[in-house]
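J.: Here the protein sequences come in this chain order: Z and L. Using numbering that gives the first Met the number 0, you'd call the opening residue of the first sequence number 0 and step up by one each time. Using numbering that gives the first Met the number 0, you'd call the opening residue of the second sequence number 0 and step up by one each time.
One should not assume that every hint holds.
What the hints assert, rightly or not - So the derived label-pair ranges between C-beta atoms look like this:
id, chain 1, residue 1, chain 2, residue 2, range
1, L, 46, Z, 368, 23 to 31 Å
2, Z, 99, L, 46, 26 to 34 Å
3, L, 65, Z, 344, 34 to 42 Å
Unchecked claim - Derived list of chain L stretches under chain Z, where covered just means 3 residues or more per stretch with a C-beta under 8 Å from a C-beta of chain Z:
id, stretch
4, 48-58
5, 89-99
None of these hints come from the bench; they were simulated from the model. Just so we're clear, the structure is a prediction, and the values are computed from it rather than from any experiment. We put the beta carbon where it would ideally sit given N, CA and C, even for glycine.
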Amino acid sequence: MMLLEMAAAGFGDRIAVGSLDGGLTFQQLFDRAGASADRFRAAGADAVAMADVSSAALPISLFGAAWADLPFVPLNYRLTDDELATLAGRIAPAIAVVDPSAIGRLSGLDGVSVVDRDALLADLADLVDATVPAPEWDMVGEGTAILLFTSGTTGEPKAAVLRHRHLVSYVLGSVEFMGAGEEEAALVSVPPYHVAGMAAILSNVYAGRRIVQLPAFDAAAWVDLVRTEGVTSAMVVPTMLSRIVEHLEAEIVDGETVGLPTLRSLSYGGGKMPRPTIERALELLPDTAFVNAYGLTETSSTVALLGPEDHREALASDDESVRARLGSAGRPLPTIEVSIRDEDGTEVPTGGPGEIWVRGEQVSGEYRGMAPRLTPDGWFPTHDGGWMDDAGFLHVSGRIDDVIVKGGQNVSPGEIEAVLVAHPGVSDAAAIGLPDTQWGERIVAAVVRSGEPTADADQFAVELQEAVRAELRSNRTPDHVTFVDALPYNDTGKLLRRVLRADLAHLGDGSTP
Amino acid sequence: MPELKPGSRFASDVCTTEVIVVKGAGEADLRCGGAPMASAGAASGGGTPSPDAAGGTLMGKRYVDADETIEVLCTKPGDGSLGLGDALLELKEAKPLPASD
Numbered sequence: 000m001m002l003l004e005m006a007a008a009g010f011g012d013r014i015a016v017g018s019l020d021g022g023l024t025f026q027q028l029f030d031r032a033g034a035s036a037d038r039f040r041a042a043g044a045d046a047v048a049m050a051d052v053s054s055a056a057l058p059i060s061l062f063g064a065a066w067a068d069l070p071f072v073p074l075n076y077r078l079t080d081d082e083l084a085t086l087a088g089r090i091a092p093a094i095a096v097v098d099p100s101a102i103g104r105l106s107g108l109d110g111v112s113v114v115d116r117d118a119l120l121a122d123l124a125d126l127v128d129a130t131v132p133a134p135e136w137d138m139v140g141e142g143t144a145i146l147l148f149t150s151g152t153t154g155e156p157k158a159a160v161l162r163h164r165h166l167v168s169y170v171l172g173s174v175e176f177m178g179a180g181e182e183e184a185a186l187v188s189v190p191p192y193h194v195a196g197m198a199a200i201l202s203n204v205y206a207g208r209r210i211v212q213l214p215a216f217d218a219a220a221w222v223d224l225v226r227t228e229g230v231t232s233a234m235v236v237p238t239m240l241s242r243i244v245e246h247l248e249a250e251i252v253d254g255e256t257v258g259l260p261t262l263r264s265l266s267y268g269g270g271k272m273p274r275p276t277i278e279r280a281l282e283l284l285p286d287t288a289f290v291n292a293y294g295l296t297e298t299s300s301t302v303a304l305l306g307p308e309d310h311r312e313a314l315a316s317d318d319e320s321v322r323a324r325l326g327s328a329g330r331p332l333p334t335i336e337v338s339i340r341d342e343d344g345t346e347v348p349t350g351g352p353g354e355i356w357v358r359g360e361q362v363s364g365e366y367r368g369m370a371p372r373l374t375p376d377g378w379f380p381t382h383d384g385g386w387m388d389d390a391g392f393l394h395v396s397g398r399i400d401d402v403i404v405k406g407g408q409n410v411s412p413g414e415i416e417a418v419l420v421a422h423p424g425v426s427d428a429a430a431i432g433l434p435d436t437q438w439g440e441r442i443v444a445a446v447v448r449s450g451e452p453t454a455d456a457d458q459f460a461v462e463l464q465e466a467v468r469a470e471l472r473s474n475r476t477p478d479h480v481t482f483v484d485a486l487p488y489n490d491t492g493k494l495l496r497r498v499l500r501a502d503l504a505h506l507g508d509g510s511t512p
Numbered sequence: 000m001p002e003l004k005p006g007s008r009f010a011s012d013v014c015t016t017e018v019i020v021v022k023g024a025g026e027a028d029l030r031c032g033g034a035p036m037a038s039a040g041a042a043s044g045g046g047t048p049s050p051d052a053a054g055g056t057l058m059g060k061r062y063v064d065a066d067e068t069i070e071v072l073c074t075k076p077g078d079g080s081l082g083l084g085d086a087l088l089e090l091k092e093a094k095p096l097p098a099s100d
């Protein structure tokens, strides 16, 4: 909140969010946040939830919640009604700002009062001149700024706690106050419930950079917004970038293309980027600076960066070890320490694989209602595997646990397996992620059939895919179902996913992220 | 002497400079233009910076003392120079990181 107050005081007349014509200035954003804080307080809530796509209501509610000293909780609106209601129940009493078309999804729940986003925006616009005096902010505050539900491996989402001190440390450590020129604009297309969506608001507000929002990602709409809004920077997840690359390639006529001349910087993260995609993107956008950001929800977003010069140097190099940096997460931020540890928590020699541990003031590593995952000396074991090369570049090899990351979305294998095993024709099943250029990972289900197979294998595979789609969501449907005689287990009955992944490697597309 | 803590804000009494404390805690003789700074909103705004503390402040820049015990961020620029006691604060040069959000 203090960040927004500084922005409003420093450059209040600049447009903060929206188009140059008709957007909200930083001062207007500040005033509306103050007015929304009154409303949130009056609701007697313990949290401000949002189940909605990006709109001006997002930064208003995020800062308004902080102003009212309440946690802001962006919920994944793609969840099923039951899942959404369960999460809302966990943070009750809460006030929830929702998409006008989805009011019913959270109505009638105990302890949850629902506000229509458009109605909220209209009410706040009527109070334009009612400037609310700002209270004293505590910069190193222990208060919870944001609660973000992670999808988790066990199926029960954990609520990561990001306190004001974590977020302020992150922003002050990585962003220059008013570092953006007045003409700069950032396009935000990641959803609010992704930590990158939250970080985008905080960083760009502090930098004084106008935020342009794309509520539902679509490559054509994204490219169109970059051009019409004069967007100078953007952050995308790998799946978005591959769609954008496809779109830009389709625009090429006789070797000529308009390209994206205003786009100075493009940052990507949130999953493994396939090397062919980033190499093609670098060729298609020769004047754009590429930044790979690696971070986790529990670390208040970015902890390591592969910068523009690193990208170009790697692309131009004949040395494979330098070229391999293109697939790395770059170097840790100056405010972050990284250590690669073995299973006992002992640091491994440079170049050796292990678990990535991080330490720094922005690192939370804390979940609501659970013991902190930080070690006594402040290290956070990320559960990501990786190694650090001689030049200090961090290479991330993927989750140590088994979550499948498809298109930037975490998919828990357990949920899919539960549906498959529930089918009468299935005796055992495992879901794994295999490399996929388009999605980062594709979902492959290995199924052991029960009894004597009666149905045709192809037909049965489709039937199982339909069963998952009906029970869960389309993004959790296996892209491929393969039938095996048995699944590999160790002697304690633990499924050896690594072995399965190796056995079924031919079902990936062989892309090397 | 004013009490410093991260997040507390001070304004110059002799120019338009305003700062926010990023690092440092406890009592400190924070000055601007040679004159003690006041809590934000309490500055009288009269007077002019003394000639040996009139280098000016730059918006968005950070200033530290020689030992880096305190660090302040300029949220409004002015004509005075920041100081801790008689010693002037130095501009902290930091290589900006590329935008990642």
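J.: Now, for every hint given, state plainly whether the structure supports it.
T.: Hint by hint, here is what the structure shows:
Take residue 46 of chain L and residue 368 of chain Z: their Cβ atoms lie about 55 Å apart, and the range 23 to 31 Å is violated. For the pair residue 99 of chain Z and residue 46 of chain L, the beta carbons lie near 55 Å from each other, so the given range of 26 to 34 Å is not met. Restraint check, residue 65 of chain L to residue 344 of chain Z: a C-beta distance of roughly 39 Å satisfies the suggested window 34 to 42 Å. Beta-carbon proximity to chain Z at under 8 Å applies to 1 residues in the stretch 48-58 of chain L; the threshold of 3 is not reached and the given coverage is violated.
Figure legend: the stretch 89-99 of chain L, annotated as covered by chain Z; annotation consistent (6 residues with Cβ-Cβ distances under 8 Å, at least 3 required).
Comparing the model with each numbered hint stated earlier shows that hints 1, 2, 4 do not hold.
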